[in-house]
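S.K.: Following the hints, position chain U against chain C.
Protein chains in written order, with numbering that gives the first Met the number 0: chain C, 0 to 225; chain U, 0 to 129.
These are computed hints drawn from the structure, not numbers from a lab.
Incorrect hints may appear among the rest.
Said to hold, decoys possible - Result set (DMTMM-like, lysine to aspartate or glutamate): computed pairs, CA atoms no more than 25 Å apart in a straight line:
| hint | chain 1 | residue 1 | chain 2 | residue 2 |
| --- | --- | --- | --- | --- |
| 1 | C | K206 | U | D82 |
| 2 | C | K135 | C | D147 |
| 3 | U | K98 | C | D163 |
| 4 | U | K98 | C | D138 |
| 5 | C | K46 | C | D21 |
| 6 | C | K157 | U | E89 |
| 7 | C | K157 | U | D82 |
| 8 | U | K88 | C | E152 |
| 9 | U | K98 | C | D49 |
Claimed, not checked - Restraint ranges, calculated between C-beta atoms of paired labels, are given here:
| hint | chain 1 | residue 1 | chain 2 | residue 2 | range |
| --- | --- | --- | --- | --- | --- |
| 10 | C | T212 | U | K24 | 35 to 43 Å |
| 11 | U | P28 | C | W201 | 56 to 64 Å |
| 12 | C | K74 | U | M83 | 24 to 32 Å |
| 13 | U | L65 | C | S118 | 51 to 59 Å |
| 14 | U | K88 | C | K74 | 17 to 25 Å |
| 15 | C | L131 | U | L38 | 21 to 29 Å |
| 16 | U | K91 | C | P20 | 35 to 43 Å |
| 17 | U | K22 | C | D40 | 42 to 50 Å |
| 18 | C | M130 | U | N2 | 53 to 61 Å |
| 19 | U | R77 | C | W201 | 33 to 41 Å |
| 20 | U | M99 | C | R17 | 25 to 33 Å |
| 21 | U | M83 | C | V204 | 25 to 33 Å |
| 22 | U | I14 | C | W201 | 45 to 53 Å |
| 23 | C | M208 | U | K88 | 22 to 30 Å |
As the list claims (entries may be wrong) - Every beta carbon over 12 Å from chain C, so not counted as near; a handful from chain U, in silico:
| hint | residue |
| --- | --- |
| 24 | T1 |
| 25 | L35 |
| 26 | V36 |
| 27 | I50 |
| 28 | A54 |
| 29 | G58 |
| 30 | P63 |
| 31 | V68 |
| 32 | L69 |
| 33 | M73 |
| 34 | M78 |
| 35 | L79 |
| 36 | T86 |
| 37 | R94 |
| 38 | A100 |
All values reported here derive from a predicted model rather than from experimental measurement.
The C-beta atom is built at its ideal place from N, Cα and C for all residues, glycine as well.
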Amino acid sequence: MKTLIVIPAFNEAINLARLLPDLVATVSYDVVIINDASTDDTARVVKAHDVDCFTLPIQLGAWGATQTGIRYAAKAGYSEVITMDADGQHLPVELNALMQVYRNTNANVVIGTFPSRLSRLKKLAWKFFKMLTHIKIEDLTSGFRLYDKQAIEVLSSKQASMLDYQDVGVLLLLLRAGLTINEVPVKMEDRNDGKSRVFSSWLVVLKYMVQTTTLCVANIGKRPTQ
Amino acid sequence: MTNLTILIIGSILSISILYLVRKGKMHGPYATWWLLVALSAIVLSIFPQIIDWVAARLGITYPPTLLLVLSVSMILIRMLTMDMALTRKERKIRRLTQKMAILEAAINQPETTNEKPADSVEPIQKSQIG
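Okay, chain C solo, but in the shape it has when bound:
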């Protein structure tokens, strides 16, 4: 029963310097930072804290980086993967909440959610996507998730490599594989620094909405293979 914590990071040197000491002190799981071709000191900061760091030679985005960690976990034989953001939004203390729900239920995936952080606009977008896909999950984009061995296998597949965000596409893939997803409300900190990667500018939002809508529409009627 080995657990790996995967943290994708793009130019997060300052935030990681704050997060890593706390994380290492709180839990005894293995930690790996996926450095998504950062241009700052991310790799050096991570090494200074004696934490494993994988550096991507080409920038792949948040999901591409996360999948690197998941593929590594599959290869190294980890039984669970926990993903969290590098910006300090997810608190190391809350890892136990995820673990507890995972142990007490037989969910394959546990998502840590913080519903009240959602803005009105986001809520509207989520409602729209939920209507399209029939996913019954509160927070679609939360990066604070626990995946079990089956989920790790599904998400290291070639098909999962074509996704661009760790959200609806990932959830659809998991549900189609017949896996169960559970949610647990957790406390989240405001972002230490920087903004959401997805909801940063209108053009990016538009691109995200169009791409995700296409993905949802393409998946309509695709029933889970249970």
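M.R.: Just chain U now, with coordinates in the frame of chain C:
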């Protein structure tokens, strides 16, 4: 006159394709596709009646329509397959990038952990000689 123009275009196209293949700048399926395009241009410029004949068979009153519809659909199909190929390439690049990051970390790790045992072995050997 138009026929002559198309014949020239077709010939130049096929010569260019053969040149590109010879220089190793285009390979396999792409070269075959473009050679077929060039050959059909040449054939159609020499025997333009083919279009009229086929159009008459299909009940098309204005034969050039057939030519235009066919060529536009061929271009669309080609673009679609190009995007499919690009998607495949993108997936391969992503997975290669991920694998490279994992392997790189694996290569760097044994170096640091193996150094210590190597150091600790050395003094023993020295003492054996002494």
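S.K.: Are the hints correct? Go through all of them and say.
M.R.: Quick rundown of the hints versus the structure:
A threshold of 25 Å between alpha carbons decides the hint, and for K206(C) with D82(U) the separation of about 18 Å falls inside it, so the pair holds. With a C-alpha separation of about 19 Å, the suggested pairing of K135(C) with D147(C) holds against the 25 Å cut-off. Restraint check for K98(U) and D163(C): satisfied, since their Cα atoms lie roughly 18 Å apart, inside the 25 Å limit. For a cut-off of 25 Å, the pair hint linking K98(U) to D138(C) is broken: about 30 Å separates their Cα positions.
For the proposed pair K46(C) and D21(C), the alpha carbon gap of about 15 Å is at most 25 Å, so the pair holds. This hinted pair checks out: K157(C) and E89(U) have alpha carbons roughly 11 Å apart, not beyond 25 Å. This hinted pair checks out: K157(C) and D82(U) have alpha carbons roughly 18 Å apart, not beyond 25 Å. Restraint check: the Cα-Cα separation between K88(U) and E152(C) comes to about 22 Å, which is no more than 25 Å; the hinted pair holds.
Proposed proximity of K98(U) and D49(C) is supported: the alpha carbons are some 22 Å apart, at most 25 Å. Between T212(C) and K24(U) the Cβ separation comes to about 39 Å, which falls inside the hinted range of 35 to 43 Å. At about 41 Å, the beta-carbon gap between P28(U) and W201(C) misses the expected band of 56 to 64 Å. Against the hinted window of 24 to 32 Å, the Cβ-Cβ separation of K74(C) and M83(U) comes to about 29 Å, which satisfies the hint.
A hinted range of 51 to 59 Å holds for the C-beta pair L65(U) and S118(C), which are about 55 Å apart. Taken as a hint, the range 17 to 25 Å holds for the pair K88(U) and K74(C), whose Cβ atoms sit roughly 23 Å apart. Restraint check, L131(C) to L38(U): a C-beta distance of roughly 47 Å breaks the suggested window 21 to 29 Å. For the hinted restraint 35 to 43 Å between K91(U) and P20(C), the CB-CB distance of approximately 38 Å keeps it satisfied.
The beta-carbon spacing between K22(U) and D40(C), approximately 45 Å, falls within the hinted interval of 42 to 50 Å. Hint check: M130(C) to N2(U), Cβ distance near 58 Å, so the stated range 53 to 61 Å holds. The given range of 33 to 41 Å is respected by R77(U) and W201(C), whose C-beta atoms sit roughly 34 Å from each other. For the pair M99(U) and R17(C), the supplied restraint of 25 to 33 Å holds, since their beta-carbon distance comes to about 29 Å.
One distance hint, 25 to 33 Å for the beta-carbon pair M83(U) and V204(C), holds here, with the actual separation near 28 Å. About 50 Å separates the C-beta atoms of I14(U) and W201(C), a value consistent with the hinted range of 45 to 53 Å. M208(C) and K88(U) have their C-beta atoms about 26 Å apart, which keeps the hinted 22 to 30 Å range intact. For T1(U), the requirement that its beta carbon stay farther than 12 Å from each beta carbon of chain C is met, with the minimum near 42 Å.
Remark: the non-interface label on L35(U) is consistent with the geometry, its nearest Cβ contact in chain C lying 31 Å away (cut-off 12 Å). Listed as a non-interface residue, V36(U) keeps its Cβ farther than 12 Å from every Cβ of chain C; the least gap is roughly 30 Å. Distance to chain C confirms I50(U) as a non-interface residue, since its nearest Cβ pair spans about 38 Å, more than 12 Å. With a least CB separation of 37 Å from chain C, A54(U) remains clear of the 12 Å interface cut-off, as annotated.
At the 12 Å boundary, the C-beta of G58(U) stays outside the reach of chain C, the nearest C-beta of that chain being 37 Å off. Taking the minimum C-beta to C-beta distance to chain C, about 36 Å, the non-interface status of P63(U) holds against the 12 Å cut. No beta-carbon of chain C is positioned within 12 Å of the beta-carbon of V68(U); the least distance is around 28 Å. At roughly 29 Å, the least C-beta separation between L69(U) and chain C is larger than 12 Å, which holds for a residue marked as non-interface.
No beta-carbon of chain C comes within 12 Å of the beta-carbon of M73(U); the shortest separation is about 26 Å. Against chain C, the non-interface label of M78(U) holds: every CB pair exceeds 12 Å, the least being about 18 Å. Listed as a non-interface residue, L79(U) keeps its Cβ farther than 12 Å from every Cβ of chain C; the least gap is roughly 15 Å. Distance check for T86(U) against chain C: the nearest CB is about 7 Å away, which does not clear 12 Å, and the non-interface claim fails.
Not every C-beta of chain C lies more than 12 Å from that of R94(U), the closest at about 5 Å, which undercuts listing it as non-interface. Not every Cβ of chain C is farther than 12 Å from the Cβ of A100(U); the closest lies at roughly 4 Å, contradicting the non-interface assignment.
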